[in-house]
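The chain contents come next:
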Amino acid sequence: MAKTIIEKIWDQHVVVREQGKPDLLYIDLHLLHEVTSPQAFEGLRLAGRKVRRPDLCFATMDHNVPTINRAVIRDQIAKKQIHTLADNCKEFGIELAGMDHPDQGIVHIIGPELGLTQPGKTIVCGDSHTSTHGAFGALAFGIGTSEVEHVLSTQTLWQARPKTMEVRVTGELGYGVTAKDIILAIIAKFGIDMGTGHVIEYTGDVIRNLSMEERMTICNMSIEAGARAGLVSPDATTVEFLKGRRYVDNEKFSELEAEWLALATDEGATYDSVCTIDAAEIEPFVTWGTNPAMGSGISNSVPKPTDYADESDQLAVAQALDYMGFEGGEALQDVSIQHVFIGSCTNARLSDLMEAAEVIRGKHVAPGVRALVVPGSQTTKKQAEELGLDQVFLKAGFEWRESGCSMCLAMNEDVVPAGERCASTSNRNFEGRQGTGARTHLMSPAMAAAAAIEGKLTDVRNFRAVGV
Amino acid sequence: MEPLQLVTSIVTPLAKKNVDTDQIISKEFLKRIERTGFGKYLFYHWRFDESGKEKPDFVLNHPDYKESKILVAHENFGCGSSREHAPWAIADYGFRVVIAPSFADIFYNNCMKNGILPIRLPVHEVEELLAKPQLHVTVDLPNQQILGKDGSLYSFDIDSYQKKMLLNGWDEISLTFLYEENIAAYENAQNSKTAS
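If you read the protein sequences in the order shown, they are chains A and B. With the numbering used here, letter number 144 in the first sequence gets 146, and the count goes up by one each step, no holes. With the numbering used here, letter number 60 in the second sequence gets 75, and the count goes up by one each step, no holes.
Please note that the accuracy of each hint is not assured.
[What the hints assert, rightly or not] Pairs of lysine-lysine residues, derived as BS3-like cross-links and limited to a Cα-Cα distance of at most 27 Å, are as follows: (1) A:Lys81 with B:Lys208; (2) A:Lys306 with B:Lys81; (3) A:Lys254 with B:Lys208; (4) A:Lys5 with B:Lys31; (5) B:Lys70 with B:Lys81.
FYI, nobody ran anything at the bench for these hints, they're computed from the structure.
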């Protein structure tokens, strides 16, 4: 019977299947970071348990590391959490890319970079954006700390078989429209809980033509669509990206390649549900509200509550506008911003930095705007510096930082003050996400770069035409 | 994990949809390495103003709901981050049951691991509960029912495995260790496949 890649990976990993229970699923790769792991390790110690497969674990520090002056962590509680991860990795024999390690970076950026992420693997991490790794045709999903402890002790998880959903992107992408715009448009169109209970497979010519970096951006935000995971069937692009990576068994590469390509969804396989979007209807996107589905093409205006038929939508939009400091009806292109953040597991890879640098080259950040570039990993940072991108950003008035999650969730010192607006390439615009009272507008790296130069939200398509 | 059978309490109505885990527990409280003590930070920025004073308009600050063990909200409760600090905060504050038309998947699972019962009810039933601000109910997990003091009655579905885990307060890891041989057999089969 024709199967989807989701069913193929699932069936390959079932350790126990019994009536009346979820499946016991084997986990191939467990990624760890400082915030969601300490209580799990403590649980192991209290119960006298060990880590079953330390060789299948990999840890780094990303969420609360400083992105400037790393020698001094002023926040003592954060410092303790960082040291706790180092101690736990040492005690339980887990490989760690610590704060001063050349491989350090956002966990979802370094997994693919190192080749730890591979097609067909089941990958978990105590972080909802684990869905990023799905870009490689892996089944990758975020888990809570109790589940982190469960995986550490047993290398398995009890998981209910998910429903499958195809999200097909047809047609052709317009000029200046990026992967970030695609995923924001999908979530705005189908809703923030469209994927609940499902694993999404992204299909269609538009997805096929995307680079691995772009596929990661899309899969990353599957959780913002409520999905347990999101993935793309492996193809030549996937294989090419992984060739020669450090944790890939390159001696057996041709065998691996054949295995990976065989995982792709079979012709004629069916899904529990299907959503289709025409790329031609997508323009550069920005969010105006307090969840990622509250977004719109840049040529539009902020909506009014009365634009919505449903009473609970009216209330939610009214609350969002109140928080965001809008009355409703403002043109998005008139919205002034005070901060720009180019970073996060969604958009801090080399190609994202190149995309932003292209927009700002030879220009300068608008007066009164503070703009930050936080590369997704130290490797990405080094590669960008080799290309001279750091100089492009610095000359334009951007700050060039060390890697980490930074202003995406503002657990470190990179915070947006109350009432101020940030054009951000991250993934969540929830209330207080980038700082108490901070107002986040999500967008692509190119759009955020253009906003930095203009000091307001702007359509990067016009910007390029005028600015070159 | 504390077993859960019957929970009797006034129902706290939180009439919001898409309540994300960033609101349930804000990031500044995620730096602690303990599992306990998060209750005082639950819904922190909705409960307190900048000076740390309670905001009187927020439902949790209403005197009637101070001892409530049951929270009711609109769709997609617990969306966003996988942080288990969210259910830790909910449990530590004193809630044992959350009722909503739908929950985000990771949050739903995280509740189950912490002795919190997430109940899915149809939208119109949740709206009924939200419209009765003084309603006391008993949540009866063995019979999968919610019985209101006003005579109202709601039935709910729950996966039989998860129900058993909650009723008994079992430690899932100990149960999984019973399948140690299966796990080892799976690993051996994988190893021989790679070696061939």
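Going down the list of hints, with the structure as the test:
no.: 1; hint: A:Lys81 with B:Lys208; in the structure: 43 Å, violated
no.: 2; hint: A:Lys306 with B:Lys81; in the structure: 35 Å, violated
no.: 3; hint: A:Lys254 with B:Lys208; in the structure: 13 Å, holds
no.: 4; hint: A:Lys5 with B:Lys31; in the structure: 39 Å, violated
no.: 5; hint: B:Lys70 with B:Lys81; in the structure: 14 Å, holds
When the structure is compared with the earlier hints, violations turn up for hints 1, 2 and 4 and for no others.
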